[in-house]
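A.B. asks: Sequence:
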Amino acid sequence: MEYIDYYRVLGVSKTASEKEIKKAYRKLARKYHPDVNPGDTEAERKFKEVNEANEVLSNPENRKKYDEYGKDWKHAEEFEKAKRSGAYGQGGGNPFGGGGGRTYTQGNFEGEDFSDFFSSMFGGASGAGFRSQRTKFRGQDFNAELQLRLRDVYTSQKQTLTINGKNIRLTIPAGVEDGQTIKIKEYGGEGANGGPKGDLLITFKILNDTQFKRDGKQLYISVDIDVVTAVLGGEITVDTFNGKAKLKVKPETESGTQVKLKGKGFPVYKKEDSFGDLIVTFQIKIPKNLSTREKELYQQIADLKK
Numbered sequence: 001m002e003y004i005d006y007y008r009v010l011g012v013s014k015t016a017s018e019k020e021i022k023k024a025y026r027k028l029a030r031k032y033h034p035d036v037n038p039g040d041t042e043a044e045r046k047f048k049e050v051n052e053a054n055e056v057l058s059n060p061e062n063r064k065k066y067d068e069y070g071k072d073w074k075h076a077e078e079f080e081k082a083k084r085s086g087a088y089g090q091g092g093g094n095p096f097g098g099g100g101g102r103t104y105t106q107g108n109f110e111g112e113d114f115s116d117f118f119s120s121m122f123g124g125a126s127g128a129g130f131r132s133q134r135t136k137f138r139g140q141d142f143n144a145e146l147q148l149r150l151r152d153v154y155t156s157q158k159q160t161l162t163i164n165g166k167n168i169r170l171t172i173p174a175g176v177e178d179g180q181t182i183k184i185k186e187y188g189g190e191g192a193n194g195g196p197k198g199d200l201l202i203t204f205k206i207l208n209d210t211q212f213k214r215d216g217k218q219l220y221i222s223v224d225i226d227v228v229t230a231v232l233g234g235e236i237t238v239d240t241f242n243g244k245a246k247l248k249v250k251p252e253t254e255s256g257t258q259v260k261l262k263g264k265g266f267p268v269y270k271k272e273d274s275f276g277d278l279i280v281t282f283q284i285k286i287p288k289n290l291s292t293r294e295k296e297l298y299q300q301i302a303d304l305k306k
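The opening residue of the sequence shown carries number 1 in our numbering; numbering runs sequentially from there.
Worth flagging that the hints you see were computed from the coordinates, not collected in a lab. Careful, some of the hints might be misleading.
The calculated lysine-lysine pairs, modelled on DSSO-like cross-linking and capped at a C-alpha distance of 30 Å, are [as the list claims (entries may be wrong)]:
| no. | residue 1 | residue 2 |
| --- | --- | --- |
| 1 | Lys205 | Lys271 |
| 2 | Lys285 | Lys244 |
| 3 | Lys217 | Lys197 |
Label pairs and their in silico Cβ distance ranges [unchecked claim]:
| no. | residue 1 | residue 2 | range |
| --- | --- | --- | --- |
| 4 | Glu294 | Ser274 | 41 to 49 Å |
| 5 | Lys183 | Asn37 | 20 to 28 Å |
| 6 | Thr257 | Lys183 | 38 to 46 Å |
| 7 | Asn164 | Asn193 | 18 to 26 Å |
| 8 | Gly216 | Lys246 | 49 to 57 Å |
| 9 | Ser222 | Arg293 | 27 to 35 Å |
| 10 | Thr257 | Asn208 | 23 to 31 Å |
No residue lacks a Cβ here, since even glycine has one placed at the ideal position from N, Cα and C.
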């Protein structure tokens, strides 16, 4: 039976902490997972080796036995009994060569590989009685991107996606934001050794081709008003995301003034009948191509100001 250095398999030192071992295992298990490397026999071999190494080193008791007896760590109890009964000769200490347990030089086994003795006694470490239970491993998550227009997510809608040949029917709630990711459980890769399936993660790319600027549930729009309306006040009609609304302009309104239209913003994600606000910013538009009479009137106003 060939000796496998489990520390080297995981790429950690013999003094590695449990956290370091766990981190290394997860990284390598994902790298060599069969779903990531379909049909790759070498990756499959490494995946099994990584699982085996983790099974031993992540268990403090198993790790202690491995550090002392190496590849024959599963037979540690038999070794200890034999040592106590004197079956391996006198002299005390570990008669098997220490961490790794490759050869030993005492008793009747001088120069002989230590595991060969136990293979003859117990039918080999690969026998049914010593076959380790394979660790269940969760399947890989699948990632997908779905592009929608801003108007598409103003109301909830149903979509059918095709992922790896499977049609997935899902409802997209109104109010989904650009860059938001939703999870659909167990629509990812198959698990290993009876483990659960991974998940499908859908990230939304929202394209804004409207005159509105969106910030979460709030919508923003700039509206031009003429000088007369800004000075004297009045009523204007503005566009909202789903129609139009009348809006009063107060006298002596300055450029940059903002007015809030409550409930005219964007729907709140997964909160039915809940909407943000529409923030309207007034921009005073300076008149151009004035007639002679208009210029005279503005001049009269200017003279009055003097």
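A.B. asks: If a hint holds in the structure, say so; if it does not, say that too.
C.D. replies: Against the structure, the hints:
For a cut-off of 30 Å, the pair hint linking Lys205 to Lys271 stands: about 21 Å separates their Cα positions. Our distance criterion of 30 Å between C-alpha atoms is met by Lys285 and Lys244, whose separation comes to about 21 Å. Taking the CA atoms of Lys217 and Lys197, the gap is about 35 Å. The hint is violated against a cut of 30 Å. Range check, Glu294 to Ser274: Cβ separation about 48 Å, and the 41 to 49 Å hint holds.
The beta-carbon spacing between Lys183 and Asn37, approximately 24 Å, falls within the hinted interval of 20 to 28 Å. A C-beta distance of roughly 43 Å is found between Thr257 and Lys183, which places it inside the suggested range of 38 to 46 Å. At about 21 Å, the beta-carbon gap between Asn164 and Asn193 stays in the expected band of 18 to 26 Å. Restraint check, Gly216 to Lys246: a C-beta distance of roughly 26 Å breaks the suggested window 49 to 57 Å.
Under the hint 27 to 35 Å, the C-beta atoms of Ser222 and Arg293, about 30 Å apart, fit the expected range. Between Thr257 and Asn208 the beta carbons are some 24 Å apart, a value that agrees with the proposed interval 23 to 31 Å.
This entry does not satisfy hints 3, 8, going by the numbered hints stated previously.
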